[in-house]
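Protein sequence lines correspond, in order, to chains C, A and L. Be aware that the first sequence starts at 0, since it is given in numbering that gives the first Met the number 0, and climbs by one per residue. Be aware that the second sequence starts at 0, since it is given in numbering that gives the first Met the number 0, and climbs by one per residue. Be aware that the third sequence starts at 0, since it is given in numbering that gives the first Met the number 0, and climbs by one per residue.
Everything labelled a hint here was simulated from the structure, so no lab data went into it. One thing to keep in mind: the hints can contain errors.
What the hints assert, rightly or not - Below, a list of computed lysine-lysine pairs in the DSS-like style, where the Cα atoms sit at most 25 Å apart:
no., chain 1, residue 1, chain 2, residue 2
1, C, Lys154, L, Lys43
2, C, Lys154, L, Lys266
3, L, Lys266, A, Lys33
4, C, Lys334, A, Lys8
5, A, Lys99, C, Lys52
6, L, Lys187, A, Lys15
7, A, Lys33, L, Lys187
8, L, Lys43, C, Lys334
9, C, Lys154, L, Lys334
10, C, Lys80, C, Lys68
11, A, Lys22, L, Lys354
12, C, Lys154, L, Lys354
13, L, Lys252, L, Lys180
14, A, Lys33, L, Lys11
15, L, Lys297, L, Lys252
16, A, Lys15, L, Lys252
17, L, Lys180, A, Lys48
18, A, Lys15, L, Lys189
19, C, Lys52, A, Lys33
20, A, Lys22, L, Lys266
21, C, Lys52, L, Lys187
22, A, Lys99, A, Lys150
23, L, Lys189, A, Lys22
24, L, Lys328, A, Lys8
25, A, Lys15, C, Lys334
26, A, Lys33, C, Lys68
27, L, Lys11, L, Lys61
Stated by the list, open to error - What follows is a set of in silico ranges between Cβ atoms, one per label pair, in the way DEER data are often shown:
no., chain 1, residue 1, chain 2, residue 2, range
28, C, Lys84, A, Thr37, 25 to 35 Å
29, A, Gln38, L, Lys180, 21 to 31 Å
30, L, Asn146, C, Met293, 46 to 56 Å
31, L, Thr6, C, Ile36, 42 to 52 Å
32, L, Lys180, C, Gly67, 37 to 47 Å
33, C, Thr351, L, Ser214, 53 to 63 Å
Stated by the list, open to error - Some chain C residues flagged as far from chain L (calculated, every beta-carbon gap over 10 Å):
no., residue
34, Ala54
35, Phe57
36, Pro229
All C-beta atoms in this analysis are idealised placements derived from N, C-alpha and C, irrespective of residue type, glycine included.
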Amino acid sequence: MYNFSALTQSIHQYLSEAMSPLGAKITEMAIIGLVLIAFVALSVMGLVYIERKVAAFFQLRVGPNRVGKWGLLQTLADFLKLLMKEHIMARNADKFLFNLAPFLIVTAAFLAIGAVPFGLGLQAFDINIGVFYISAVSSIGVLGILIGGWAGNNKYSLIGALRSGAQVISYEISAILSLLTIVVLAGDLQLSAIIESQRDGWWVFKGHIPVLISFVIFLIAGTAETNRGPFDMAEAESELTAGFHTEYSGIKFAMFFLAEYVNLFIIAAVGATVFLGGWMPLHIGHWQAFNHIMDYIPSIVWFFLKTGGIIGIIMWFKWTFPRLRIDQLLVLEWKYLLPINLVNLLVVAFITLMGWHF
Amino acid sequence: MSAVATYFKDIFQGLKTLLTGMKITGYYFSHARKEIITQQYPENRDTLKMFDRFRGRVVMPHDENNEHACTGCSSCELACPNGSIEIMWERIVDPETGKKKKIIDKHVYHHSMCTLCNLCIIACPTDAIKMEQTFEHATFDRKELTMILNKPGSKVRKDVEE
Amino acid sequence: MTEETLTKEGLKTQEYFVNMGPQHPSTHGVLRLMLELDGEIIKKVIPHIGYVHRSIEKMCEKDSYRQIVHITDRMDYLSNHMNNEAVCLLVENALEIEVSDRVKVIRTIMSELTRLSSHQLWWGVMGMDLGALTTFLYGFRDREMINDIFEETCGARLTMNYNTPGGLMFDIHPNFQRRVKEFVAHFKTKLPEYDALLSDNVIFRNRTEGIGVLSKEDAISFGVTGPTGRASGFSNDIRKHKPYSAYDRVEFKEILMETGDTFSRYKARILEMWESLSIIEQLIDNIPEGEIQSPAVKAVIKLPKGEFYQSVETARGELGVYVVSDGTKNPYRVKFRSPGFSNLFVLNHLAQGYKIADLVAMMSTIDLVIPDIDR
């Protein structure tokens, strides 16, 4: 299996020879930043296109098919259109906060994506509290929604923002608790260590029914945390026109849009990493031959396959279910997901203690 | 049933109904190639055929001698609810019999006002006008929507008079 | 602005107004609702109507009775055929003309197809209002087949103008029976899918059950007709109580529900679709021979002096046409009692104390068509 650290090491070596250690460090940071920005921009464009196509197929339509072959350039065209649109601001809007909100939400998304392990040795920021870091950072995004909803001086967006506040704060708990079950099993918060612990099989298969339950809960909570699907309270098109970003236009709106899809990617990536082994190929116990064949598929392909699968499921939710009402959403969290999650965590802790997992 | 049992039953029932819904959308997603219902409009222009009763706009058929069947009786004008038909007629002296008679000068049709209700077609005693099955009627100039249905120099067919 | 009040923690709160519409995704047109809100809880709904008022009643006064028919297409455009039928029946009754059985049967089939197409659209939009965007296209897929049937026989898909006083504009197309049978067979397989996608869905159930309960007494006093009223147990089906066309010779149930909440209004329409299918099935093979246009109706129709009223059951409820005639070829006064108008004003009564999301669901199940309200 190709280790990407060979590539990164050789770049590091070359830069260290060419310039001072400080200069090399700064150049490396710049390269990583640029690569991540380019990756985010491209993947969001791809995701928007895929989402529109998937939605179209669910709805017996063809989807975008005019711009470029199969409509592949549609999102690029939309992006260019959004770039050129006028910035409109309501008269009594809070100018500073109104401009700050889209940046805040995008920053939160970027902070999180830095810690995502894309492949073997391909992780920008392998912090030893990785799971904790990602959940902490991704909850900054809700500040952007709250500020954006407040600053627009629009009652619809204010309602949307407050809904979103209540929603994200409650579903954060579920998402973290379901991640904790794996942390308990793996005994580590570091993402690379969690992946390493799945060398002989993914946690979803190894961890019996409790891990399956926590995976389902993670999917639900993740969907809610990204303000998507049946939980798009903050947007709620048929109730609040466009929710918290009603007043935004042009590139500022595009930033909200971008952040939504980056968050979708991050949630799927974290789910894939923690529950499905991230870039780790499908290994079954001690079947050496089988494991060896699986190793021939590059790690980055495994990662994107798993992430794509989870994104597909989340999209499937969105295009099938009606939206919940805000109080039902909270009832679902506090009366169903949270108690189940706590009991589940207890069971997993017990299993780990007794060493009953595979 | 105890409250605990109801609690878990609710969860499983709910999950089951959600999965049934996902099964249906999943079927359509996986069979999208077969099930897609939308048509690709400008591409299918050649194969797109309207039903023969489709009401596109009012036309007046002319035969090869540039003759039509409109006597200028104004029935359609009276039947029209929106005033989208105006008949301009004049009296001429018939060269053969020497009698004065009323002929049609212009059959003006305002497509922009027409609601395509078909009342004029039914009112016409000589079947001089009919509905055409075209449907691409957008123009850049509103004036183009006012049409004169009888072609210049056209005459009334002999056999339909009176 | 309303007065500030203090909560028990001593915080200042204020009720506020939100304009829902005239441009809003779920008001289905240009309906404007002023919502008085306390947080997300609705205190009051004030409907403002008239954004698509085209003075259809006044326009009818200058038109002849033949011409009135086509304007009624534009009132409740989803029940267009029933609207036409109401005017035609009124003229026929006033002139004391009996149309042939063939006309009656075809009119009934057409009305039921229109009801089905209206309910299909409503179902799709109902799902969309509640956030299930996919249902919209599924509803339209099945509606498309009905539209094709209409287009082939009547010549138009929406503003068909198929009825004329004393008969029909054309005879049915030779393909009509085959296509209708195809549609009925197709739709019978798709209606259970509607149930699986929305009716049985746990989220949908929670969103609709026990929400916006309209009691039978309130339904009667607000004059709420159609499936909306029948969901509260108010038996008001004109097809049963005052049968017209061929409704006296077919067997069908009047769908009566008991609870009167949003879900029973939803369910009433779903069950009504099954009834419509059964009515069509009973009639489609038994279209009697007969003349299409009664010769007793002259080219210029003059109603006798007097007042006439005719009501039909449209997809939304009771449509009443009231005509005062002074004996000339134009009516002296026309009044349409549209179901949407009466049904809309129950909204304030229903929505108080519920949330915005519930209001959207209620509006969906009342099934508003704005041109029907404004006329």
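Tested hints:
Proposed proximity of C/Lys154 and L/Lys43 is supported: the alpha carbons are some 16 Å apart, at most 25 Å. Using a Cα cut-off of 25 Å, the hinted pair C/Lys154 and L/Lys266 is violated, with the two alpha carbons roughly 34 Å apart. A hinted pair counts as satisfied when its Cα atoms are at most 25 Å apart, and L/Lys266 with A/Lys33 does not qualify at roughly 31 Å. Restraint check for C/Lys334 and A/Lys8: satisfied, since their Cα atoms lie roughly 14 Å apart, inside the 25 Å limit.
Using a Cα cut-off of 25 Å, the hinted pair A/Lys99 and C/Lys52 is violated, with the two alpha carbons roughly 70 Å apart. About 23 Å separates the Cα atoms of L/Lys187 and A/Lys15, which keeps this hinted pair within 25 Å; it holds. Taking the CA atoms of A/Lys33 and L/Lys187, the gap is near 20 Å; set against the 25 Å cutoff, the hint holds. At most 25 Å may separate the alpha-carbon atoms for a hinted pair to count; L/Lys43 and C/Lys334 exceed this at roughly 31 Å.
For the hint pairing C/Lys154 with L/Lys334, the CA-to-CA distance comes to about 40 Å; that exceeds 25 Å, so the pair is violated. Using a Cα cut-off of 25 Å, the hinted pair C/Lys80 and C/Lys68 holds, with the two alpha carbons roughly 19 Å apart. A distance of roughly 31 Å separates the Cα atoms of A/Lys22 and L/Lys354; the hinted pair therefore is violated under the 25 Å criterion. A distance of roughly 15 Å separates the Cα atoms of C/Lys154 and L/Lys354; the hinted pair therefore holds under the 25 Å criterion.
Between L/Lys252 and L/Lys180, the direct Cα distance comes to roughly 21 Å. Compliance with the 25 Å bound is thereby established for this hinted pair. Taking the CA atoms of A/Lys33 and L/Lys11, the gap is about 59 Å. The hint is violated against a cut of 25 Å. The straight-line distance between the Cα atoms of L/Lys297 and L/Lys252 is roughly 38 Å, outside the 25 Å bound, and the hint therefore fails. A hinted pair counts as satisfied when its Cα atoms are at most 25 Å apart, and A/Lys15 with L/Lys252 does not qualify at roughly 32 Å.
At roughly 22 Å between alpha-carbon atoms, L/Lys180 and A/Lys48 fall within 25 Å of each other, so this suggested pair holds. The hinted pair formed by A/Lys15 and L/Lys189 meets the criterion: a straight-line CA distance of about 20 Å does not exceed 25 Å. The straight-line distance between the Cα atoms of C/Lys52 and A/Lys33 is roughly 16 Å, inside the 25 Å bound, and the hint therefore holds. A threshold of 25 Å between alpha carbons decides the hint, and for A/Lys22 with L/Lys266 the separation of about 22 Å falls inside it, so the pair holds.
A hinted pair counts as satisfied when its Cα atoms are at most 25 Å apart, and C/Lys52 with L/Lys187 does not qualify at roughly 29 Å. At roughly 23 Å between alpha-carbon atoms, A/Lys99 and A/Lys150 fall within 25 Å of each other, so this suggested pair holds. Our distance criterion of 25 Å between C-alpha atoms is met by L/Lys189 and A/Lys22, whose separation comes to about 14 Å. Simply put, L/Lys328 and A/Lys8 have alpha-carbon atoms about 68 Å apart, too far for the 25 Å limit, and the pair is violated.
Between A/Lys15 and C/Lys334 the alpha-carbon distance is near 19 Å, which keeps this suggested pair within the 25 Å criterion. Using a Cα cut-off of 25 Å, the hinted pair A/Lys33 and C/Lys68 holds, with the two alpha carbons roughly 21 Å apart. Our distance criterion of 25 Å between C-alpha atoms is broken by L/Lys11 and L/Lys61, whose separation comes to about 58 Å. At roughly 28 Å, the beta carbons of C/Lys84 and A/Thr37 sit within the given window of 25 to 35 Å.
Between A/Gln38 and L/Lys180 the C-beta distance comes to about 24 Å, which sits within the given range of 21 to 31 Å. Here the CB-CB span from L/Asn146 to C/Met293 is close to 53 Å, well matched to the stated 46 to 56 Å. A hinted range of 42 to 52 Å for the beta carbons of L/Thr6 and C/Ile36 is consistent with their spacing of about 46 Å. With their beta carbons about 44 Å apart, L/Lys180 and C/Gly67 fall inside the hinted range of 37 to 47 Å.
Taking the beta carbon of each, C/Thr351 and L/Ser214 are about 57 Å apart, inside 53 to 63 Å as hinted. With 10 Å as the threshold on Cβ separation, the claim that C/Ala54 sits away from chain L is violated: the shortest Cβ distance comes to roughly 7 Å. A cut-off of 10 Å between C-beta atoms contradicts the statement that C/Phe57 is not in contact with chain L; the least separation is 5 Å. Listed as a non-interface residue, C/Pro229 fails to keep its Cβ farther than 10 Å from every Cβ of chain L; the least gap is roughly 6 Å.
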